[in-house]
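Please take these sequences and the hints and turn them into a complete structure.
Just so you know, the sequences run in chain order A and B. Quick note: the first sequence uses this note's numbering, first residue 174, plus one each step. Quick note: the second sequence uses this note's numbering, first residue 174, plus one each step.
Simulated from the structure, these hints should not be mistaken for lab results. Hints are not guaranteed to be accurate.
No copy is singled out in the list; a pair is fine if it fits within one copy or between any two copies.
[Unchecked claim] Pairs of lysine-lysine, DSS-like flavour, derived with a Cα cap of 30 angstroms: (1) Lys300 with Lys228; (2) Lys377 with Lys321; (3) Lys228 with Lys201; (4) Lys184 with Lys230; (5) Lys294 with Lys184.
Small disclaimer: the values here were computed from a predicted structure and weren't measured.
There are 2 protein chains.
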Amino acid sequence: MAIKERKEREKQEMRNLIIESATQLFLKQGYDKTSIRSIADDIEYSPATIYLYFKDKDEIFFVIHENAFEILEQHLRRNDVIADPFERLAGLGRTYIEFGLQNPDYYDLMFIMRAPMEQIKNEEKWKSGECAFGYLLTTLSACLEESKIRQGDLYVTAIQVWSFVHGLVSLYVRGRMCILMMPDDATREILYNSFDLFLANLKK
Amino acid sequence: MAIKERKEREKQEMRNLIIESATQLFLKQGYDKTSIRSIADDIEYSPATIYLYFKDKDEIFFVIHENAFEILEQHLRRNDVIADPFERLAGLGRTYIEFGLQNPDYYDLMFIMRAPMEQIKNEEKWKSGECAFGYLLTTLSACLEESKIRQGDLYVTAIQVWSFVHGLVSLYVRGRMCILMMPDDATREILYNSFDLFLANLKK
DNA sequence: GCATTTACTAAACAGTGTTTATTATATTCA
DNA sequence: TGAATATAATAAACACTGTTTAGTAAATGC
Chain A
174 MAIKERKERE
184 KQEMRNLIIE
194 SATQLFLKQG
204 YDKTSIRSIA
214 DDIEYSPATI
224 YLYFKDKDEI
234 FFVIHENAFE
244 ILEQHLRRND
254 VIADPFERLA
264 GLGRTYIEFG
274 LQNPDYYDLM
284 FIMRAPMEQI
294 KNEEKWKSGE
304 CAFGYLLTTL
314 SACLEESKIR
324 QGDLYVTAIQ
334 VWSFVHGLVS
344 LYVRGRMCIL
354 MMPDDATREI
364 LYNSFDLFLA
374 NLKK
Chain B
174 MAIKERKERE
184 KQEMRNLIIE
194 SATQLFLKQG
204 YDKTSIRSIA
214 DDIEYSPATI
224 YLYFKDKDEI
234 FFVIHENAFE
244 ILEQHLRRND
254 VIADPFERLA
264 GLGRTYIEFG
274 LQNPDYYDLM
284 FIMRAPMEQI
294 KNEEKWKSGE
304 CAFGYLLTTL
314 SACLEESKIR
324 QGDLYVTAIQ
334 VWSFVHGLVS
344 LYVRGRMCIL
354 MMPDDATREI
364 LYNSFDLFLA
374 NLKK
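Pasting the structure below:
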């Protein structure tokens with residue numbers, strides 16, 4: 174009965190096809206313009222077919238959201254080679270900001286948009302988020318143990334770091350940094366300077 | 174020719190009626206469910222009439238966005254009585270966070286959603302945002318002058334403070350704080366503790 | 001009192017996410 | 001192999017959305 178397995182494989186391939194098309198359209202045109210109909214058009218199937226492979230639009234974008242987390246994690250992992258935990262923390266932060274600035278649509282989906290979080294409510298847990306947050310917790314824990322940063326509750330410190338870098342990136346990607354009335358590259362400069370200052374204040 | 178003035182007054186009254194209805198629906202049901210048709214239904218006019226008073230949906234929500242800034246400013250102004258600039262800064266931050274937590278929909282419109290910012294592109298300047306940011310700049314300037322906080326560039330420091338409090342609030346209102354796996358009030362506790370720690374690190 | 005401007009709306013347009021009933025194909029079993 | 005069943009795909013519809021157009025009724029100007 175290899176037919177069942179082939180069918181399962183074909184089903185997965187179709188899911189991949191849909192996700193690949195949706196991802197491409199999403200990165201090119203954004204969330205709103207990536208309609209079920211436009212995906213169907215792209216893969217040359219009818220819109221109704223997509224609903225045989227995904228419950229709704231949210232489920233499609235939840236998968237894209239998870240793929241984006243895998244990409245971020247690949248970037249973050251490059252800091253594993255840094256021995257000093259404080260420098261590793263600095264690396265993680267800069268990597269996070271850089272990822273956000275260079276992949277604003279992915280960042281949006283991961284940390285700003287409501288759509289993928291609706292899916293989490295059903296799944297109870299935000300696995301992707303917890304994994305990335307885990308990196309931060311581990312690094313901060315090492316920093317505290319080696320007294321590289323000011324003493325304080327681990328979770329409070331973690332939220333502090335995350336909130337700060339998220340604030341920088343999200344104000345930027347959602348157009349609020351226009352308040353500085355500076356060209357784009359100067360605004361980015363301020364972003365990184367601001368992060369450096371933050372690190373300096375955190376250091377022991 | 175008092176007729177012209179009456180007409181102008183009536184036009185403004187109609188605009189107010191639309192904004193009041195839209196605001197009420199927005200705070201009750203959120204942005205997406207506040208459709209032009211639902212507003213029209215509420216004020217007992219046809220949907221097309223709304224377009225005689227507003228260019229599009231964005232323009233309506235831009236006005237609501239501006240009204241929200243006025244409310245925030247009223248809250249922020251209560252800190253004017255605090256003489257010590259550092260304590261005033263602390264007050265401003267806490268007021269900002271509190272406003273965000275208690276008015277998540279307004280906060281969304283002011284600092285997260287793209288809709289009202291489309292309007293700013295046409296108007297060139299984000300007046301509401303600049304006004305609120307001005308409060309922060311003035312207070313920080315006083316802090317620096319009296320050496321209440323670590324020395325540093327005014328704008329870099331301002332972005333640092335704003336990004337941090339925005340990060341806290343926006344991660345919360347967009348459901349990412351679920352990562353802490355804590356009840357809502359405990360999460361809020363962490364938020365405020367995190368802000369206190371931030372202030373302590375900033376203090377000279 | 002008549003012409004003109006203003007205020008309003010019904011209906012349509014072009015989209016959206018999603019569901020249902022139907023058809024064509026593939027698989028199973030006698 | 002041939003009939004019965006299960007699967008895959010779709011056309012069409014449903015209930016929405018923001019927005020525009022053409023036409024009507026009332027208020028205003030002369």
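Cross-check of the supplied hints:
no.: 1; hint: Lys300 with Lys228; result: within (20 angstroms within a copy, 43 angstroms between copies)
no.: 2; hint: Lys377 with Lys321; result: both (6 angstroms within a copy, 19 angstroms between copies)
no.: 3; hint: Lys228 with Lys201; result: both (24 angstroms within a copy, 28 angstroms between copies)
no.: 4; hint: Lys184 with Lys230; result: within (18 angstroms within a copy, 41 angstroms between copies)
no.: 5; hint: Lys294 with Lys184; result: within (26 angstroms within a copy, 45 angstroms between copies)
Hint compliance for this structure: no hint is broken.
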